[in-house]
Structures are given as structure tokens and as C-alpha cells.
Amino acid sequence: MALRASVQRVSRTLPRLMAQAGAARGMATEKQIFNQIQSTKNIKKITSSMKMVSAAKLKGDETRLELAKPFNEWTNALCGKPVHLDDLENITYEELPQKTLIVPITSDKGLCGGVNSFISRSVRDAIGKINAQGKECDVVIIGDKGRSQMSRSFPEKILRTATDIQAPGNFNLAAALSAELTAAGAMNYDAVMIVYNSYVNAAVYHQYYKVIKPMAVEGEGESMVEYEFEPDVKSEIMGDLYEYMLTSQIYYCFMDGAAAEQSSRMTAMENASKNAGEMIDTLTLQYNRARQARITTELIEIISGASALEG
Amino acid sequence: MQRAILRQISTSSRSAMRRSFSSAAAAAEESSTAGMTLNFNLPHETIYSGAKVEQVIVPGAAGEYGVTANHVPLVAQLKPGVLQILHAGTNEPEKYFVAGGFSITHPNSTTDISCPEAVKLDDIDSTAVTSAYEAAKAAFSSAEAGSRASAEAQIDMEVNKAMAAAIGITL
Numbered sequence: 006m007a008l009r010a011s012v013q014r015v016s017r018t019l020p021r022l023m024a025q026a027g028a029a030r031g032m033a034t035e036k037q038i039f040n041q042i043q044s045t046k047n048i049k050k051i052t053s054s055m056k057m058v059s060a061a062k063l064k065g066d067e068t069r070l071e072l073a074k075p076f077n078e079w080t081n082a083l084c085g086k087p088v089h090l091d092d093l094e095n096i097t098y099e100e101l102p103q104k105t106l107i108v109p110i111t112s113d114k115g116l117c118g119g120v121n122s123f124i125s126r127s128v129r130d131a132i133g134k135i136n137a138q139g140k141e142c143d144v145v146i147i148g149d150k151g152r153s154q155m156s157r158s159f160p161e162k163i164l165r166t167a168t169d170i171q172a173p174g175n176f177n178l179a180a181a182l183s184a185e186l187t188a189a190g191a192m193n194y195d196a197v198m199i200v201y202n203s204y205v206n207a208a209v210y211h212q213y214y215k216v217i218k219p220m221a222v223e224g225e226g227e228s229m230v231e232y233e234f235e236p237d238v239k240s241e242i243m244g245d246l247y248e249y250m251l252t253s254q255i256y257y258c259f260m261d262g263a264a265a266e267q268s269s270r271m272t273a274m275e276n277a278s279k280n281a282g283e284m285i286d287t288l289t290l291q292y293n294r295a296r297q298a299r300i301t302t303e304l305i306e307i308i309s310g311a312s313a314l315e316g
Numbered sequence: 123m124q125r126a127i128l129r130q131i132s133t134s135s136r137s138a139m140r141r142s143f144s145s146a147a148a149a150a151e152e153s154s155t156a157g158m159t160l161n162f163n164l165p166h167e168t169i170y171s172g173a174k175v176e177q178v179i180v181p182g183a184a185g186e187y188g189v190t191a192n193h194v195p196l197v198a199q200l201k202p203g204v205l206q207i208l209h210a211g212t213n214e215p216e217k218y219f220v221a222g223g224f225s226i227t228h229p230n231s232t233t234d235i236s237c238p239e240a241v242k243l244d245d246i247d248s249t250a251v252t253s254a255y256e257a258a259k260a261a262f263s264s265a266e267a268g269s270r271a272s273a274e275a276q277i278d279m280e281v282n283k284a285m286a287a288a289i290g291i292t293l
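Chains as they are written, first to last, in the working numbering: chain F, 6 to 316; chain B, 123 to 293.
Hints are not guaranteed to be accurate.
Calculated cross-link-like contacts (lysine-lysine; reagent style DSSO-like; alpha-carbon spacing at most 27 angstroms) [what the hints assert, rightly or not]: (1) 242(B) - 74(F); (2) 114(F) - 62(F); (3) 64(F) - 279(F); (4) 49(F) - 62(F); (5) 62(F) - 279(F); (6) 217(B) - 74(F); (7) 36(F) - 50(F); (8) 140(F) - 114(F); (9) 283(B) - 259(B); (10) 239(F) - 201(B); (11) 36(F) - 64(F); (12) 62(F) - 50(F); (13) 239(F) - 86(F); (14) 104(F) - 279(F); (15) 174(B) - 74(F); (16) 74(F) - 201(B); (17) 114(F) - 64(F); (18) 201(B) - 218(F).
Counterexamples of contact, computed for chain F against chain B with all Cβ distances above 10 angstroms [as the list claims (entries may be wrong)]: (19) 69; (20) 114; (21) 175; (22) 195; (23) 292.
Hints in this document: simulated from the structure, not taken from any laboratory.
C-beta atoms are modelled at their ideal positions from N, C-alpha and C, and glycine is treated no differently.
Just need the whole structure built from these sequences, with the hints factored in.
Shown next as C-alpha cells:
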């Protein structure tokens, strides 16, 4: 009787001791693995729903971008083509004038893949090269993520940042942004350089930069010589035209950046869901092994307890 | 001998010029029968892209003017007013109310008109215009003179007045 009671006590405490021994050895217990599996499943649900939301938003952003392109067509003749930042080694920025205002367009929200890091890297590289050429530059950042990444590298160059931008953007937003640039002194710079991501398709986006220079009203390099101006004061109209052109360019680059951000977020969330799924598979195998080990241990105790009773 | 050569050079250059003038005229003939090309774009909508039209009447800041093929290249700031597009073969122009923007006519008979906002005249609601005008007038009188709010209210009033004139109601 005393023997059976002691065996029962041992058979009850033994699994707990075994589990504790297992945990002490660094192997997760069955309960812990189970909790891990549950939380990974939750994460997978969240990331896959974020992916679907991004896919839906991407559709809207793509349409807006398609409409923004013909709207901005007329500025290409006056501003020149955007330059593809494919290999940072080869970009020299030699064509920039003495004082440039750099405007990188980044996102406010995270979980969007590498869009913002690419822009931050390009701007850092640009500032280094521009300063090495003896020219000056300052930065006005659009987007909170850009601010957090760039304020660590060159805080003294950042004039202002624009954050908490309501998506989706429209022309009023672009007008407000260009008013902010003017308030930051954009008219005193020789050029404004917009650095942005350009959407190609759901899997691909590139970085580009565009240089927008105020047009010379007289002297050599006078732009739009063959055009008449109405009303007659060319300098006034050129000033207004420059502001309008800047707003139109910011609108287009913002739309492009927004579409690139959504496509990148969609890809990032899809990868996260896939990784979560793989993790769940590995953990489930571990869980089953732990569960079987526990059952085997219980069986062994019962059998050894029973055989000890018999004799 | 040299004078003969010079005379030869001058006559050949003159005939070359004549030839180039005539080819320019021929090109002008061709493009004027083809009409002018219009690009009329809003940020959220492309109304016309590369459309061939007969004439466009543009509400410039200094006054309305018409653009046909081979018009002198011109950059004009637009004031709130009516933009009329006359298509080939029609008598009635298509009318849009534009709130501002720019019109650039290029040497190749292409005109780019870019406006932040434009509506067809048929789509303008007269009651909405009247109430917006009244609200703008109230805002203007209550705003401090020379302030940003006063300037915005004044712009609001002008645009609504132009819209009212465009659809034919008096305010």
C-alpha cells in the first residue's frame, strides 16, 4: 500500500521533473511550442490580410498614377528626363547647380519592404557627392519613415519634414507640399531635386531623381525664347509657371511613390505570410515530437510502476 | 571668276531658301487642314490627349483668345472662365469651366492645357454656385483685411462670380 502510494506519487511528479529537466536543457516544452504555434498562426493571419488590403489599395494607386502621367507630360519638355538611380557608383550629380534643395519622397507607415531604405541611401550618397564637389544642398523630407532614417545621418541639413499625409493624395496635397517647399525657401535655390520611387509593376520599382530648375528669364540660357507670354510680363508668368510645374511634378512623383510603396508592402506581407507558414510547419513537427515523447514517458512510468508492484 | 562663283553661290542659296519657304508653306497647308492638337489634362482625369480639334478659345488672364493651327507659340496663365473647344465639323463648341491653370501653345500646333480642376458647363448646379458665392461674400466681409483668409475669400468670390456668368445667372 505504501509502495503503491509512493509509486503513484513518483509517477505524478516524474513528468513534471522530466519537463523541467528538458526546459533546463534548453529544449522547449510542449506547452511552449504550442503557444509559439498559436502566435505564429495569428501573425500569419494578420500579414495575409494586410497583403490583400495592399493589393486592393494598389489598384486605386495604379489608376491614379495612370491619370497623373498625361497631366504631367508637359513638364518633361521643360525639366528634362528623370535619371534612373540604378547603380549609385555611376551617378555623379555633376549637372546640379550650386545650391540644390533635395526632396525625398518616403512613406509614413512601415512594413513596406525596402522602399524607404533605398531612398535614404540614395540621398545620403547624393549629399556626400554634392558636398565633395563644393556645392551646397539642403533636404526637405516627405514622409515619417524617411525622417527617422535620415535624421540620424545628417540632421543639420534637414529643413523640414512633412508627415501624417492623408492617403490617397490629390492635387491639393501637392499644392500644400509645394507651398511648404516655398516656405522652406525653395525659390532661393538653383534647383529642386525630387528623389522618388517609380512604380513599374507589382513586383518591380526603381529609384529616380528629377531636377527642376527655375527657368532663366533673360540672358543666355533663357528658356522658352520662341514663346509669347500673356499677360506680357514674362518674369511674373515664369515664376507662376515654375510654381505650377513644381506642384505638378510633386503630384506625379508622390503618386508614383505611393504606388511603389503599396506594391512593396504587398510583396513584403506575402513573404512574411510564407515565412510564417514555414515556421508553423517546423514548429508543428517539433510539437508532435515533444507530445509523443511525453506520452512515451508516461507509458514507461506506468509500466515500470506496474512491474515494480508485481514483483 | 570669283564674282561669278559668288553669284552662283548666292543664286543657289536663294533658290534653296525659296525651296525651304515653299516646303514650310506646304507643311503649314497640311497641318492647317489637319487642325490643331489639344492636350487637356486634369490631375484626376485626362479630358483630351492628342485630340485633333479645330479651335480652342482660352480664358487667358489678360483676356480670351482663340488658338487655331499654326498659332504663335504662347504661354498663358488662365483665369477662372470658360474654355471652349470647337471640334471639326461642328458649330457648337464644347464648354468647360476652368478655375485656373496654364495653357502652352507649341510651335508644332500642339496646345497643352493643364488645370487643377475643370467642369463641363452642363454639370454646374446654379443653386450650389449661388450659395457658395453667398458664403464666400460672408467670409470676405468677416475676415480681417489683408489676411490670408480675406484673400482666399476674395478668390472664392471671383471664381463663383465667373461660374455664375458662365452659366448665365446673375448674382
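Subject >> Earlier hints that do not hold, by number >> reply: Hint check: 8, 11, 14, 19, 21 fail, others pass.
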